[in-house]
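Work the whole structure out from these sequences, hints included.
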Amino acid sequence: MSASPLNIAPSLSAWSRQFPAGLQEFQEKRAALLKHIAGSERLAEVRPASRLEVRPRPEMISTGVKEVDAITGAGIPRGCLTEIWGGTSSGKTSLLLAAMAAATRLGETCVLIDASDSFDPASGQTARVDLQKMLWVRCGEKSSYVGRRTSQATSDGADGSCFSHKLSGISRQENQRSKIQKQSERRLEQVLKATDLILQSGGFGLIVLDLAGIAEKFVRRIPLASWFRFQRAVEHTKSALLVVSETPCAQTCATLAVRVQQSAVSDQLSEKSAGKIQSSAVISQLSGRPAHAEILEHMRVQAEVVRSRLERKPAQSIKSEFTTYATHFG
Amino acid sequence: MPFACIFVPDFHVEAIVRAEPELRMRAVGVIEGKPPLQKICSVNEEARRAGISVGMTKLQAELCDEVVLRERSELQEATAHAALLDCAQSFSPRVQDAGADTVVFDLSGLEKLFGTVPKIARQISRRAAEMGLEVNVAAGATIEAAMLAAHGFSGVSIVPEGKEADFLGGLPVKILFADVPSSTEADEILETFRRWGVLKCRDLIALPEVDLSERLGQRGLELRKKACGMGQRTLVPSDPPLAFEEVMELEFPLVLLEPLAFLLSRMLDQLCARLQARALAAQELRLELTLEDGSFLREPSSSTPDQNIETTKDTKLHQGNQPIPNRSHFENGRSGGTFQRTIHLPVPLLDARTFLKLLQLDLKSNPPGAPVVKVRLQIEPAKPRPGQNGLFTPSSPEPEKLELTLARLSGVVGEGRAGPPQLLDTHRREAFEMCHFTPSLAKVADWQAPQNLVMALRIFRPPVGVVVTHEGGRPSYISSQERVRFYAADSRQIRGEVLWAAGPWRSSGDWWEQDAWMRDEWDVALQEKVGIILYRLVHDLVGGEWTVDGAYD
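So the sequences go chain by chain: A and B.
Each residue of the first sequence is one higher than the one before, starting from 39 at the first, in the working numbering.
Each residue of the second sequence is one higher than the one before, starting from 182 at the first, in the working numbering.
Honestly, the hints are just simulated from the structure, not real lab data.
Here a beta-carbon is modelled for each residue, glycine too, at the ideal position from N, C-alpha and C.
Watch out, some of these pointers could steer you wrong.
No farther apart than 25 Å at their CA atoms in a straight line, the calculated lysine to any residue pairs in the SDA-like style are these [unchecked claim]: (1) A/K255 <-> B/R642; (2) A/K231 <-> B/L585; (3) B/K582 <-> A/R116; (4) B/K545 <-> A/K276; (5) A/K231 <-> B/I713; (6) B/K582 <-> A/R267; (7) A/K231 <-> B/L438; (8) A/K220 <-> B/G592; (9) B/K538 <-> A/Q238; (10) B/K545 <-> A/E223; (11) B/K710 <-> A/R297; (12) B/K582 <-> A/L144; (13) A/K231 <-> B/K582; (14) A/K255 <-> B/P562; (15) B/K710 <-> A/K276; (16) A/K104 <-> B/R642; (17) B/K710 <-> A/T285; (18) A/K276 <-> B/E579; (19) B/K710 <-> A/S216; (20) A/K231 <-> B/R642; (21) A/K231 <-> B/L537; (22) A/K276 <-> B/S577; (23) A/K220 <-> B/P644; (24) A/K231 <-> B/E614; (25) B/K545 <-> A/D234; (26) B/K710 <-> A/E359; (27) A/K357 <-> B/L537; (28) A/K231 <-> B/P580; (29) A/K231 <-> B/G677; (30) A/K255 <-> B/I713; (31) A/K231 <-> B/S577; (32) A/K276 <-> B/L585; (33) B/K710 <-> A/R116; (34) B/K582 <-> A/K220; (35) A/K276 <-> B/P644; (36) B/K582 <-> A/L226; (37) A/K276 <-> B/V528.
Going by beta-carbon spacing under 7 Å, a handful of chain A positions derived as facing chain B [said to hold, decoys possible]: (38) K73; (39) H74; (40) T131.
Below you can see the structure in the form of structure tokens.
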């Protein structure tokens, strides 16, 4: 009980000199309290804050990018939810493929739950992802299971469309908009169901939830309870759950949050375009190719750790840059 | 050399009860023949107590309310007989098929594996019960002694060596003809015995050999020896084929899938018990449902296997926005009035619950479409998975759980939309096919982060049609035809001035086919509201259309 809040010996002597009558009463009360604590099993188990154990650092999976591994502290943590977000052409998919390549090459089994069905297997193979160890779940198709709820709504919409066709072009656009909205909702419903199934199944090393391509307003409709459920399901397992999206969506459930974006103006490109454009993508003319054929060569990507519960909170966000190279076939 | 005999009393009834275990405690009679000349051919003990006997007409039997009458099913008898053989094979490889309801096998050398002979006999009885059969088991020094004891005593009986005559003496003499089909000769001999007052085996044993030989000849001596439990009969081992099949004919057609699942569960339990007895596992499940009238009330929701195979053979290519058939895992088909489903398992499994769930999920997404009158379930056996994963290899999903998860995922996202992609040997767009997911246990390779990170492309499925303005032979302005893209309902549009364009990359192929293709690819940077976006712009030189195939990300 040395670290007990009642251990106030250094100041006790000074205090007893001033209040000699109160000392005895205080000591009696203290003895009674210590006896009560010792007698109570529940209180005896309470540890003082100074003795609390440090939470063990989770095992990490490499992202496949040395620069990102350096700023995240070795990659993606297992048993945690990690979020990577960035706009279109920000490099998030390249980072995702690099992480999957690293995981599959080390023998891990990966899952890609593709909300917008936009994964390119050729890019995956070029990025050295072992496709045989990757389960690609393509959402978006109407199925007998999920479509049941939405089919009624779709048929209602179809009826409405026939009617509104006759009315005006504006109504037709609205109808098309509502159809797209239903498609997005169906995709999200499939994503959530598929994620639940995968997490329940267990045994996967890296589970990727690719929400990029789904509009922000739909992604934000995913309830926080779902993220908490995913986070709890993946906790204390060997799986790492990685969410890739265009906007941050997992909120406080994410143990590690990384934002990627195109880096600042590339000098080479500025030179090439004579200051006309500002982009980090670089094109070049290769020797041995036709004179008119220029190719996209590489893109600079900036990664920034926005939030991490793995380390002490940094004074400012940590940034790093890496390059992704375009590959052409033929 | 000890032998064991397994005998199934009232075999016709037992075959029915094995398929319908709820009849186990009820009086059951089996009828055969064409109406209106149907007669009882077999009854169980409860029915005998209720006054039903073999030979009664159906009408007579129906007077007794408590008796359940079932028609004789040769298919179910065949499966019961196969189960009986499997039960014997699980103990000894030297098994003789001695009739539909009887098997004899050699017990020599089994003591070290299973213990003493009485212990083995009890285990045989237990194993048979697991397979749904209530049997008599007997063990003896000779085949005759074991067979007579199995036919004469219910439950487990051990004939003591050297005391066979005493042990079998109390049995009636008609038991000597139990293993041979009834004939006039047997009836004559039994009539002779009755006139002599020889009713039990011990009476026959007491007769002098010479006198018996004078009156009945060699046949009389043979019967006497048999009654003593002595004989020169040798075991003729048979090698039954590895066929695991359960068939159930239904009296009333099943309309709903739920009661069908109950039947499948029962059949799978039986099949798994048989496979377990032979130390085998299942590699493939084949379900065949005979439909009531051969007509389909409703087409299955997914494509049929014939269509699947056609699609694969003809094009070998699948558009990414279309469901891709996964014929390596599920196959289905129909011919005449039958509906067939085949489930290939990536690894041999032996779990009836997993199989049931797989069949349920498959039937849920591909319903038969008409009432079911007959169910046939076959399992292709395979050797179980050898070995186990290493301690330091990365974890992978359990095969049983994985199969269920994949089946459920197919239910959620559609069939053939969950699995690993396999690239095809062509440069055509979207040249890949989906395979069945089977995580391999390949050795872990040493991996180091590559020097050059690959720029990924996000594919638009389907591609977005655009109108392109040219300047000097290069794209200068792009505008999508559609107001909104398929996934973004917030009026996001591909439109803007081309900041730069790299290309073109020309590719072509299949010029010898009908669907020849030729295209130019450009990598373009567009200034949009959200920033600079890199797209892959494609000009189809055959159709003349411009599309955006994807965005670099």
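Each hint, compared with the structure:
1. A/K255 <-> B/R642: 21 Å, holds
2. A/K231 <-> B/L585: Satisfied, since the Cα-Cα distance of roughly 14 Å is no more than 25 Å.
3. B/K582 <-> A/R116: Given that 25 Å is the threshold and the Cα spacing comes to 21 Å, the pair holds.
4. B/K545 <-> A/K276: Violated, because 33 Å separates the two Cα atoms, which is more than 25 Å.
5. A/K231 <-> B/I713: The given pair, whose Cα atoms are some 34 Å apart, is violated under the 25 Å limit.
6. B/K582 <-> A/R267: 20 Å, holds
7. A/K231 <-> B/L438: 23 Å, holds
8. A/K220 <-> B/G592: 19 Å, holds
9. B/K538 <-> A/Q238: 16 Å, holds
10. B/K545 <-> A/E223: Given that 25 Å is the threshold and the Cα spacing comes to 23 Å, the pair holds.
11. B/K710 <-> A/R297: With a Cα-Cα distance of about 19 Å, the restraint between B/K710 and A/R297 holds, given a limit of 25 Å.
12. B/K582 <-> A/L144: Given that 25 Å is the threshold and the Cα spacing comes to 22 Å, the pair holds.
13. A/K231 <-> B/K582: With a Cα-Cα distance of about 16 Å, the restraint between A/K231 and B/K582 holds, given a limit of 25 Å.
14. A/K255 <-> B/P562: 52 Å, violated
15. B/K710 <-> A/K276: This hinted pair is violated, its Cα atoms lying about 41 Å apart.
16. A/K104 <-> B/R642: Judged against 25 Å, a Cα distance of about 32 Å means the pair is violated.
17. B/K710 <-> A/T285: Holds, at about 16 Å.
18. A/K276 <-> B/E579: The hint holds at about 14 Å.
19. B/K710 <-> A/S216: Holds, because 24 Å separates the two Cα atoms, which is no more than 25 Å.
20. A/K231 <-> B/R642: Distance of about 22 Å is within 25 Å: holds.
21. A/K231 <-> B/L537: 22 Å, holds
22. A/K276 <-> B/S577: Holds, at roughly 10 Å.
23. A/K220 <-> B/P644: Holds: A/K220 and B/P644 sit about 20 Å apart, inside 25 Å.
24. A/K231 <-> B/E614: Distance ~24 Å between A/K231 and B/E614 Cα, so the pair holds.
25. B/K545 <-> A/D234: 20 Å, holds
26. B/K710 <-> A/E359: At roughly 24 Å apart (the allowed maximum being 25 Å), A/E359 and B/K710 satisfy the hint.
27. A/K357 <-> B/L537: Violated - the C-alpha atoms of B/L537 and A/K357 are around 52 Å apart, more than 25 Å.
28. A/K231 <-> B/P580: 20 Å, holds
29. A/K231 <-> B/G677: With a Cα-Cα distance of about 37 Å, the restraint between A/K231 and B/G677 is violated, given a limit of 25 Å.
30. A/K255 <-> B/I713: 22 Å, holds
31. A/K231 <-> B/S577: Holds, at roughly 21 Å.
32. A/K276 <-> B/L585: It holds: about 21 Å lies between the C-alpha atoms, which stays within 25 Å.
33. B/K710 <-> A/R116: Status violated; Cα separation ~37 Å.
34. B/K582 <-> A/K220: 32 Å, violated
35. A/K276 <-> B/P644: It is violated: about 38 Å lies between the C-alpha atoms, which goes past 25 Å.
36. B/K582 <-> A/L226: Satisfied, since the Cα-Cα distance of roughly 24 Å is no more than 25 Å.
37. A/K276 <-> B/V528: Between A/K276 and B/V528 the Cα gap is close to 24 Å, so the pair holds against 25 Å.
38. K73: 50 Å, violated
39. H74: 48 Å, violated
40. T131: At 4 Å from the nearest chain B Cβ, A/T131 passes the 7 Å test, so the hint holds.
Against the hints set out earlier in the document, violations occur for numbers 4, 5, 14, 15, 16, 27, 29, 33, 34, 35, 38 and 39.
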